[in-house]
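**Student:** Heads up: the protein sequence lines correspond to chains A and B, in order.
At position 48 of the first sequence (counting the first as 1) the number is 42 in this note's numbering, and the numbers step up by one without a gap.
At position 53 of the second sequence (counting the first as 1) the number is 47 in this note's numbering, and the numbers step up by one without a gap.
Quick caveat, the hints were computed from the structure, so don't treat them as lab data.
Treat each hint with caution, since some may be false.
Which copy is meant is left open, because identical chains are indistinguishable; a pair holds if it fits in one copy or across any two.
As the list claims (entries may be wrong) - Here are the simulated lysine to aspartate or glutamate pairs, DMTMM-like style, with alpha carbons at most 20 Å apart:
| id | residue 1 | residue 2 |
| --- | --- | --- |
| 1 | 156 | 100 |
| 2 | 156 | 146 |
| 3 | 156 | 6 |
| 4 | 137 | 6 |
| 5 | 156 | -1 |
| 6 | 137 | 102 |
| 7 | 137 | 93 |
2 protein chains.
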Amino acid sequence: MSVTDEYLANNDAYAAAFAGPLALPPARRLAVVACMDARIDVYRVLGLREGDAHVIRNAGGVVTDDVIRSLTISQRLLGTTDILLIHHTDCGMVTFTDDGFKQQVEEDTGIRPAWSPEAFRDEEGDVRQSVRRIRASPFVPHKRDIRGFVLDVKRGRLNEVK
Amino acid sequence: MSVTDEYLANNDAYAAAFAGPLALPPARRLAVVACMDARIDVYRVLGLREGDAHVIRNAGGVVTDDVIRSLTISQRLLGTTDILLIHHTDCGMVTFTDDGFKQQVEEDTGIRPAWSPEAFRDEEGDVRQSVRRIRASPFVPHKRDIRGFVLDVKRGRLNEVK
């Protein structure tokens, strides 16, 4: 039984207990941008209920053009207004450099990525960088409530970055 | 009390009951790519436990360059090998066209996005498109186990796209 087959069996149980359909637009008008890290179960960390908030995740929780694309669709088409960013301690993104990563990929594949790997040095600094990128975007209309956090993965606690 | 403050109160309870630290690399060597839709609690839909799998999410669950970036980091630096894609029924991405969206943004802001909004016509077709984009990438090393699904948001059930 593959890992995916095991999760599909779990989905059978989920579907059997499924409470019924919810509306498409996020009920709490919130979009969360978080790192893809396996330890971060965003719904549990925040006590989100299904239907509350869009959840956007990538390597680092970094605000890239794709996150701007998702936030633009989230706010313009689906009515969200608030943004909550989650980076975390013990993040893989501080373990390499963009130049080193691109060089290694080029050595292994012969091709140098045209995209930036988006490594960073410290989590708090990258939360601030991410907030600035959202504020600088002409496409995201609502910027009044943007707050950034670092999740302490040893304690499960969100610490706000001011 | 703002929405975010309310979720921070939830996080206090989460941290108080936190079971303790987990390892950085995903235990089940899986990366999930899913839509940001608020109704999809990926951990519950699949029965994932914290620490099991990377979770990458954006508008549509579409494989963009940023998803390729995240998958490349996931596989090359953190040891994942399997990929599971989740699109879903009643998706906002089928309600507009790329041209229409870009034109509307340009009319409202004066600036035309240089990125593709990535609207699609049908969920199954875009799951197949997303799988093809991963297979075509020179940067993602492990492609043996890539499986794509459409989540029925009325029933909570994952249906595989063959």
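**Student:** Evaluate each hint against the coordinates.
**Tutor:** A quick look at each hint next to the structure:
no., hint, in the structure
1, 156 - 100, "neither (38 Å within a copy, 33 Å between copies)"
2, 156 - 146, "within (16 Å within a copy, 40 Å between copies)"
3, 156 - 6, "between (43 Å within a copy, 19 Å between copies)"
4, 137 - 6, "neither (40 Å within a copy, 26 Å between copies)"
5, 156 - -1, "between (43 Å within a copy, 15 Å between copies)"
6, 137 - 102, "between (41 Å within a copy, 16 Å between copies)"
7, 137 - 93, "neither (32 Å within a copy, 25 Å between copies)"
In this structure, the hints that do not hold are numbers 1, 4, 7, in rising order.
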